[in-house]
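Student: Full structure from sequences and hints, please.
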Amino acid sequence: MIFVYLAEGFEEIEAVTPVDILRRAGLKVETVSMEKDLQVVGAHGIPVVCDRLFAESEPMEARAMILPGGMPGALGLLHSAPLLDRIRRENAKGTLICAICAAPMVLAKAGILEGRNAVIYPGMEAEIKGAVPASVPVCVDGNLITSRGPATAMPFALEILKALTDDSTRNTIREGLLFHD
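Following numbering that gives the first Met the number 0, the numbering of the sequence shown begins with 0 at its first residue and continues without gaps.
Warning: the hint list may mix true and false statements.
[Stated by the list, open to error] Straight-line alpha carbon distances no greater than 25 Å define the calculated PhoX-like cross-link-like pairs of lysine-lysine that follow: (1) Lys161 x Lys92; (2) Lys108 x Lys128; (3) Lys108 x Lys92; (4) Lys128 x Lys92; (5) Lys92 x Lys27; (6) Lys27 x Lys161; (7) Lys108 x Lys35.
Simulated from the structure, these hints should not be mistaken for lab results.
Tutor: Next comes the structure, spelled out in structure tokens:
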């Protein structure tokens, strides 16, 4: 299962774009509420009803973890000790871990960015101390994919798709979306 973790104030485009693209490719994706109930409201007031609560996702095997940014959503992820623990466990297994915008700071707090190439929203570089800052919109380093922000949500999602499938599937979805980089 591919999990997308949502906390109050998440950046909607960074959450929904990966869900949409991965589901178009037939992959199993679930949104996970970090809140007390399934509905989570994004940074721009858009409510999303998640598939499950965080506690319900814990025992399930993760194929990938996706953390959208947005404020204060990224802070909600950052302050979740159970999520940080899960990130550490999944990273140790080589699970694909993806974060966009401000969310790479969550990976830094989990201690998995040390010496790894990564990007974060411009101006927040101090939040990924220990990482090797890259100068690309989407950065891939082994099992980690990080991206800069809302405008990079589509290439971020397509890079996740490529990591989980292959170039052919990625290209088919890209063409169907009329996406050209």
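Student: Compare the distance between the alpha carbons of Lys108 and Lys128 with 25 Å, and conclude whether the hinted pair is satisfied.
Tutor: Holds, at roughly 9 Å.
Student: Going straight from one Cα to the other, do Lys128 and Lys92 come out at no more than 25 Å?
Tutor: Between Lys128 and Lys92 the Cα gap is close to 23 Å, so the pair holds against 25 Å.
Student: With the threshold set at 25 Å, check whether the alpha-carbon distance from Lys92 to Lys27 stays at or below it.
Tutor: It holds: about 20 Å lies between the C-alpha atoms, which stays within 25 Å.
Student: Given the proposed pairing of Lys108 with Lys92, does the C-alpha separation stay at or below 25 Å?
Tutor: Given that 25 Å is the threshold and the Cα spacing comes to 18 Å, the pair holds.
Student: Quick one, are Lys161 and Lys92 close enough, alpha carbons at most 25 Å?
Tutor: 19 Å, holds
Student: When you check the alpha-carbon spacing of Lys27 and Lys161, does it fall within 25 Å?
Tutor: 15 Å, holds
Student: Lys108 and Lys35 were given as a pair; does the straight-line alpha-carbon distance stay at or below 25 Å?
Tutor: 23 Å, holds
The structure fails none of the hints (numbered hints given earlier).
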